[in-house]
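Q: Each chain, written out:
2 protein chains.
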Amino acid sequence: MARRPTIADVARHAGVSRTSVSFALNDRPGIAEETKERILAAAAELGWTPSRPARALSLGKAGAFGLVLARDPDQIGADLFFPAFIAGVEVALGERGDGLMVHLTTPEREESVYERLAADRRVDGVLLTDLRHEDPRPALTHRLGLPAVVVGQSEWSDGLTSVGLDDRPAYVAAVRRLAELGHRRIAHVEGPQEFRHAHRRRSAWEETLGDLGLPPGPVLPGGFTAEGGARATRELLSLAEPPTAIVYGNDLAATAGLSVAQELGVPVPERLSVVGYDDNPLTRYTHPPLSSARADARGWGEAAAQALDRVLAGEEVAHVVLPPAEFIPRASIGPAPRP
Amino acid sequence: MARRPTIADVARHAGVSRTSVSFALNDRPGIAEETKERILAAAAELGWTPSRPARALSLGKAGAFGLVLARDPDQIGADLFFPAFIAGVEVALGERGDGLMVHLTTPEREESVYERLAADRRVDGVLLTDLRHEDPRPALTHRLGLPAVVVGQSEWSDGLTSVGLDDRPAYVAAVRRLAELGHRRIAHVEGPQEFRHAHRRRSAWEETLGDLGLPPGPVLPGGFTAEGGARATRELLSLAEPPTAIVYGNDLAATAGLSVAQELGVPVPERLSVVGYDDNPLTRYTHPPLSSARADARGWGEAAAQALDRVLAGEEVAHVVLPPAEFIPRASIGPAPRP
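These protein sequence lines map, in sequence, to chains A and B.
Residue numbers for the first sequence follow the UniProt record's numbering, beginning at 1 and rising by one.
Residue numbers for the second sequence follow the UniProt record's numbering, beginning at 1 and rising by one.
Among these hints, one or two may not hold up.
Pairs count within a copy or across copies, as identical chains cannot be separated in the list.
Unchecked claim - Below, in silico cross-link-like pairs of lysine to any residue (SDA-like), each with a Cα-Cα straight-line distance of 20 Å or less:
| # | residue 1 | residue 2 |
| --- | --- | --- |
| 1 | K61 | E37 |
| 2 | K61 | A41 |
| 3 | K36 | R132 |
| 4 | K61 | L46 |
| 5 | K61 | G299 |
| 6 | K61 | V321 |
| 7 | K36 | L46 |
Everything labelled a hint here was simulated from the structure, so no lab data went into it.
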């Protein structure tokens, strides 16, 4: 491996003294503009860089947190969770003029994005969202020495501080309420099962049905998208014995489901009850208003940024547990239709 | 003003030679760990930093673009334009592993955020969105030497490169179509008028009515929000002579308007035609599906990032003009009701 160029190399290359190089690089007066330019050109040509410790010293804090999202751009662009979460992070950072560095990537390229964030000290720490099964990121951030906070359940955090907001209670409450209303065929349109939160939502639905002695209803993938929710709803409503209630992985899929039901002449809630998740600002304006779960994405972002602040300050931060998601019944659910 | 500390000062303070300081700061071998730590501590204590040219050299490109949003966090969190636009920027940046630095601020603090981005070289350039009347940002970025691209009309750009996507044609087409359908009382629920795009949309509606010889309908503020759209719709529908059509500043306000109309027993489109703007992924799933305007926020973000790339490469970039927004009629509009 090539030795990294030093100030002495730059001096030799530019034909000047090391003091001149130091003056030029430190932008101090007393050196001719032309000489300075020659030195800067030589430094650039040799690829001279101060080492990481020097950089760390020079830049102090990066003044930014990182958020790396390994999702499809169209998915990000349609989901109101992200702007609300990002707005919450910004509320915490904005007060001191700091920013959030957002990277969109693929699971394949993810590791290199974190490596670069760490190597270039572009961020002081990162927020890890959308935890996956056997997620490589907690170990990766440990290895890179990159401070990190897991946005999710403590048992996913692999020793990192986590900031959790439990989605389970909302699913349990929704399924129990539907059962009280007489529903026996309660379906689920699930999010991508590689995500632990999507898997957790599915388990909550399944286990609550089991606790109630009800058979597991049909489950279809909805991909957390409007298109996926629409497709799954069409399929469910064309079954010989269609469900009388559908619990969706998020509001986006549920809103599309509402619309498909109406398009197919299945009145909501008379023939079909519909439940979403996220309580995004549009749910109360769907027709009928969508039952959902309030999860406070903005507050979550704010709490996650504050937790990362405390981690960076060297505090021993326990897991932060936010109030769980709360089931919000609205007019999209009603008594099960008589057979 | 205090002179900025030099490597010589650090050497004196740590009681070592300048060569040792250089070794320590460049992380080169041949220096005891303890000495190195003393030097780094001295440098930190004195607040030694490499000068801006040295930093520029050392870091090369910042590898990030900046996006500073001076909007209310709740507004950002509810609007699907932003995640789609950001996703587009990321598509352009992500291929080379770069990121987008997002700052949320207020109009009062905005200037200091740009100053810091420029001084710390945190970004290679910025994208200016939500242009306001007499917007200080084009002149500010000139003064700071911060490369910038205006996301909006060329006449707002004050000499900067702009990337425009004209919203006017969609409004003109919507109002003309409503007039063809027999509507004579066509109202507008406008976005915040300090924004030039919101003002332009209002003008397009107003001038088209004038061109058609129709009286200007009532106009109420909707703030680009669901709540604002709902409030304005309630007020419009309680007028002695309510409008038979409402053109909204964006989809969020229009979706809420649809819902309020139904709540008040005003069937859409039989008694009221409704038009939004943005064609966000949920509009085709409202009930009835919302007429809107396709504006390709993601493509806009991608084009803006590419234009800034060319500006940074020193190219003379003309204004970039994307295909204009296209009116998308759906079931939320219909013939004007008989008086």
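Q: Under the constraints set out in the numbered hints, which ones does this structure not fulfil?
A: Result: hints 3, 5 and 6 break, sorted rising.
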